[in-house]
Amino acid sequence: MSANTTNTLADLDSSRSDLFDRRVAKPSPGLYRQAWHRFKRDPISMVSLALFAVIALFIVCAPLISYLTGFNYYENHLTEKLSAPGENGYLLGSDANGRDILTRLAYGGRISLLVALFATISELGLGLTFGLLAGYFGKWVDTVIMRLVDILLSIPSIPLLILVSTLFSPGTVMLAIIIGAIYWPVDARLIRGEVFALRGREYVEAARLVGASSSRIIIKHLIPNITPIMLIQASLAIPGAILTEAIISFLGLGIQIPTPSWGNMLDEASRFYRTNWTNVFFPGLMIYLTSLALYLIGIGLRDAMDPRLQK
Amino acid sequence: MVIPLLIGVSFVTFCIINLIPGSPMANLRANPKIRPADVARLEKQFGLNDPWPQRYLDWLGDLLRGDLGNSLHNGVPVSDRILAVLPNTLLLTTCSLLFALVIAIPVGIYAAARHRSWFDRVSNIVGIALFAIPNAWLAILLVVLFSFKFKEWGLPSLPATGITSTRGGGGFQDRVAHLILPTVSLGLIQVGIWSAYIRSSMLEALQQEYVRTARAKGLSNRGVLFGHAFRNAFLPLVTLVGLSLPGLFGGSVLIEYVFAWNGIGLLSLQAVGQRDYTMVMGTTLMFSFLIIVANLITDVAYGVLDPRIRID
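Just so you know, the sequences run in chain order W and G.
Oh and the first sequence: position 156 is 156 in our numbering, straight run, nothing missing.
Oh and the second sequence: position 224 is 1224 in our numbering, straight run, nothing missing.
Hint data in this document are derived by calculation from the structure and do not stem from the laboratory.
Since the structure is predicted, the reported quantities are computational estimates derived from the model, not experimental observations.
Incorrect hints may have been included.
To be verified - In silico lysine-lysine, DSS-like type, Cα no more than 30 Å apart, as pairs:
hint: 1; chain 1: W; residue 1: Lys81; chain 2: G; residue 2: Lys1151
hint: 2; chain 1: W; residue 1: Lys220; chain 2: W; residue 2: Lys139
hint: 3; chain 1: G; residue 1: Lys1149; chain 2: W; residue 2: Lys81
hint: 4; chain 1: G; residue 1: Lys1033; chain 2: G; residue 2: Lys1044
Based on the sequences and whatever the hints tell you, model everything.
So, in structure tokens, the structure goes:
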């Protein structure tokens, strides 16, 4: 396979200069390029990526969609409420206040995805911090943190989220942080395991012998090598966060109306499922397709970066 | 192992509940007809001025005696209400678990036995398609189809809400009819993951030496599959089921909400609506307790099923 040979030679060159020019051991740039090449070859992953790109485009172009449909996402048209798809000029129907479902899906997607993104960032931030601390410093720090992780994992996430959301009535950003604060134990455990594995590598030991401080080792050596794992975990955590936000908004505890989010659109629509089942169908479909696409991308990424498949 | 975990869970929940701004005395204080001296007396009586370790131990003591406090909504003891609805949640979760297993295991085994056949590929895709479905959405769509559309079309329809209904008569058949849709919506999502898991662990088991030996000795395909490969592939599934339990309990909250199923999930949501913090605490603790017990059962089951492992 000539294409591969060229790549391998190029990688060989860059990794050689890597050895000479930098004292820091990092995964060579070939890792990400190789992963992308493997990812590209998997049809399911590429289709999911395309699907997610379409959805992201839909969301980003929300104002454009609003302009094209002629409706905005917050005005009430009570005389045309609960229209069927195609009726009264509403492409996907209208909700109980006469607002256009299609436009609200676009704006709601922004909120849902933003919350999911921030939740994943805070989840990974917390998980990284605790995982690194537990994995690197070991002994009692590790024990304490892992006990905390066990405890938090024993409380099922949805009831815990309900409890916290009831008590603190969070706004959008706070909600994202709370979702992150509920799911970080899984990441912490994963990262701790990785750090344990990496702690014994030669370059870490060499750095320690040369006198590098703990923070230097962590920042310059451990983090770059944990990054692939974190990327994969992030791509699997985002759809989880989307589903979580949808669930908590569906229960009325998350994003408050009138701000649209796919979850609370589902909630509002579910009161009318006897007459307007499409109002339930479309928000749920968006949640489903987005999280499915992201999950498949995550699985594809994981397979693409799997070290066991590398030559 | 279980006891420290329970104590830890109780402590975390205690911390969360104490972070609420305001105090139970806030309403009394705002009332000009109530003297500050009385408020102070009440505070002392309820122990609100005690240092928090003491409040925690008092609370824990009550907890261990089964006293979860009284509902802020109607004064009923929280534990009474929770225990009254607990069987319904257990029924729903157990049935969903069994439903998912009953479908996932045969599908997984067959997919492994007919590796790379169309069945394998199709079940793989269907499994992936199923596991990202939001279960509330699935539940509502199933209700729309099987309750309303079927009734419109004149077909026998399934009931949409509740555990029993007066029209159905409350007997066994009625209960089963009411159980079908919630069970399917809760369990269907797990089917994909579990069948994929069974399939891959069966594939791994089928490549072992003992399988080849058994086949060489003339054992039939079915004997190999069920007598040897499956028994070894089954064990990691027990762990997987254990790991899915928190998700299953969380999902049951939504399903109970959609189907007005009188269980702990619905109770906690009603309590949330009524700002009944005592009840919400009680239900959260009950959920954690259920998870811990379920994990314990999983560990014990694992030890029973696999003679090589004995849990200390």
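Here is how each hint holds up against the structure:
no.	hint	verdict
1	Lys81(W) / Lys1151(G)	holds, 25 Å
2	Lys220(W) / Lys139(W)	holds, 23 Å
3	Lys1149(G) / Lys81(W)	holds, 22 Å
4	Lys1033(G) / Lys1044(G)	holds, 19 Å
In this structure, none of the earlier numbered hints is contradicted; all agree with it.
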